[in-house]
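A.B. asks: The lines below spell out each chain.
Protein chains: 2
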Amino acid sequence: MLGHGGGGRLMNQLIRERLIPRLSPERDGPLHDAAVIPVNGQKIAFTTDSYVINPIFFPGGDIGQLAVHGTVNDLCMAGARPLHLSLGLILEEGFPIRDLEVVTESIAAAAAATGVSVVTGDTKVVDKGKGDGIYINTAGIGLIEHDQHISPAAPRPGDAVILSGDIGRHGMAIMAVREGLSFESDITSDSAPVWACVRALLQAGITIRCLRDLTRGGLASACNEIAEAAHMGIRLREDAIPVREDVRAACEILGMDPLYVANEGRFIAFVPNAEAASAVTALRATALGSAATVIGHCADDPDHLVTLKNPLGHDRIIDMLSADQLPRIC
Amino acid sequence: MLGHGGGGRLMNQLIRERLIPRLSPERDGPLHDAAVIPVNGQKIAFTTDSYVINPIFFPGGDIGQLAVHGTVNDLCMAGARPLHLSLGLILEEGFPIRDLEVVTESIAAAAAATGVSVVTGDTKVVDKGKGDGIYINTAGIGLIEHDQHISPAAPRPGDAVILSGDIGRHGMAIMAVREGLSFESDITSDSAPVWACVRALLQAGITIRCLRDLTRGGLASACNEIAEAAHMGIRLREDAIPVREDVRAACEILGMDPLYVANEGRFIAFVPNAEAASAVTALRATALGSAATVIGHCADDPDHLVTLKNPLGHDRIIDMLSADQLPRIC
Chain V
1 MLGHGGGGRL MNQLIRERLI PRLSPERDGP LHDAAVIPVN GQKIAFTTDS YVINPIFFPG
61 GDIGQLAVHG TVNDLCMAGA RPLHLSLGLI LEEGFPIRDL EVVTESIAAA AAATGVSVVT
121 GDTKVVDKGK GDGIYINTAG IGLIEHDQHI SPAAPRPGDA VILSGDIGRH GMAIMAVREG
181 LSFESDITSD SAPVWACVRA LLQAGITIRC LRDLTRGGLA SACNEIAEAA HMGIRLREDA
241 IPVREDVRAA CEILGMDPLY VANEGRFIAF VPNAEAASAV TALRATALGS AATVIGHCAD
301 DPDHLVTLKN PLGHDRIIDM LSADQLPRIC
Chain F
331 MLGHGGGGRL MNQLIRERLI PRLSPERDGP LHDAAVIPVN GQKIAFTTDS YVINPIFFPG
391 GDIGQLAVHG TVNDLCMAGA RPLHLSLGLI LEEGFPIRDL EVVTESIAAA AAATGVSVVT
451 GDTKVVDKGK GDGIYINTAG IGLIEHDQHI SPAAPRPGDA VILSGDIGRH GMAIMAVREG
511 LSFESDITSD SAPVWACVRA LLQAGITIRC LRDLTRGGLA SACNEIAEAA HMGIRLREDA
571 IPVREDVRAA CEILGMDPLY VANEGRFIAF VPNAEAASAV TALRATALGS AATVIGHCAD
631 DPDHLVTLKN PLGHDRIIDM LSADQLPRIC
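As they're listed, the protein sequences go chains V and F. Just so you know, we're using this note's numbering here: the first sequence kicks off at 1 and counts up by one. Just so you know, we're using this note's numbering here: the second sequence kicks off at 331 and counts up by one.
Treat the hints with care, since some could be wrong.
[Stated by the list, open to error] Straight-line C-alpha distance at most 25 Å; calculated DSS-like pairs for lysine-lysine:
no., chain 1, residue 1, chain 2, residue 2
1, V, K43, F, K373
2, V, K130, F, K458
3, V, K128, F, K458
Read the hints as simulated data drawn from the structure, not as lab findings.
Only chain V is shown next, with the shape it has when bound in the complex:
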């Protein structure tokens, strides 16, 4: 089903129950955004993502830029400096060469802006009706140049949860185009590389327990995955989570919850509470992290629940959805 690619419980089940037991039966740890592999004494981060977003051009970006940012950000979430990308194109017969050129230029610009290079590639063409214009895979290699242990299992009760900026823009920008809604001119995707933010945390000497970008499934899914992996609960405060007014209004019209909407340039960082203020200061010194803020804390909780306290002081449980509210969002 489409939901098996939606970043929620269905996809998790597919990967954990069908794929990993076959590919890596001895594996017993949490899933990270990138693998960390030792290569002759170096710690190399390695990750892959395919991009099947529909539409391929959207306010604030396109599939090419997204394919750079998404994979670069997965490397960043392992605390790695992004170095190199591979580029696999699956083109549908009839896809306009001009669109391919535009997407390629977008890939090049995003890579240059992020300081990574596309060093290897592959091109396949499938029959008309067996694709959807263009699908892109990028794999990425990064280098881990510090000794921190950044892992979904590392956060502890009491740690602060820091959000790097406002949420919900990527998903609502896509939704606006798909539905032809009138607010489309106002909301653009937040697609952006987050390396400058992560580098700022590292350079400030912050103890980083875990980083997680808020793509498919949004903030809610990310928090649930980390709570599960670290065997603890997470307590969020609704009034601390930045959501732009137009994004909130669009969500209300469409009956969607911004907590579950995909982002492509936002992440959460788990740090010891004593270092939270320094971490926020470091993030706010970057262009992308200027609105970074503490949105909650980790808590002892045998049920590993993620809860949200509303401005009136009431808590509600933020569960993981079975799939993203929007298929093919990235």
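Keeping the supplied structure of chain V fixed, place chain F upon it in accordance with the hints.
C.D. replies: Just chain F now, with coordinates in the frame of chain V:
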């Protein structure tokens, strides 16, 4: 067009004229099967391939096994020891979970047999009618543990061209299934990892100028690409090139030339002629390279022609096709 993914002149033009000038405008060298990138003093090989083969199950293999062998072999062609793979799945809504499990088991078995591990992955699902069951991308990382300079530009006039075994089986195995031909039970794909062969050459101390696997476009395209990159001609001898009788017969029935048919476990090696006998001996000591043989030599030729001498002594020019004879062969 489908031909833009066919490994021939059309694909070359697309990559050289449309993609590389945008992605890597300063680039001025020949295209290699894998990039070689320095990472803190290590030489890392990095490559990617998407697999869109139709049908996904075929005599001698399936898309999962192929996605391991193909990417591993690209690393080998850079002289790298294959280490790690990423796995990107693009599934079409409705693709049977059971088939996914079979393909995944095939990936795991091929990886184990080749000594590589799948360390990171991604799963996307697209709407019914926007895919074709399953597309797979694998990217690979390998380590270059020697100081040889293996490059398509390195061969020189006089070098021997060594073929690692018989050709034409993968393409004809696929063709048999597609066309429902009666010879299908006899021909199986040659899909296999070639690392043991490349390692044997390295361990024997052979000077390896260039390695190239014979996938899309077959032996003919590989020779033309190297002749062009190294600014020389190649002289092949038809009676030296092993083709199984059933493969030859199937090619004749279908009006195809085995020189252009895709292989997934065969490669050519360019070595100094004085080392050719040692290289053949080293290859023949491996299970996969038992039929390795010298099939021709490089020659001074300002036109960079590839020619084939038939048993009667007549030469014909082996040109590059505009695309593979068989679309979606890998």
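A.B. asks: Can you confirm whether the C-alpha distance between K130(V) and K458(F) stays at or below 25 Å?
C.D. replies: holds (9 Å)
A.B. asks: Holds or violated: K128(V) and K458(F), Cα atoms, limit 25 Å.
C.D. replies: holds (14 Å)
A.B. asks: Does the structure keep K43(V) and K373(F) at a Cα separation of 25 Å or less?
C.D. replies: holds (14 Å)
The structure fails none of the hints (numbered hints given earlier).
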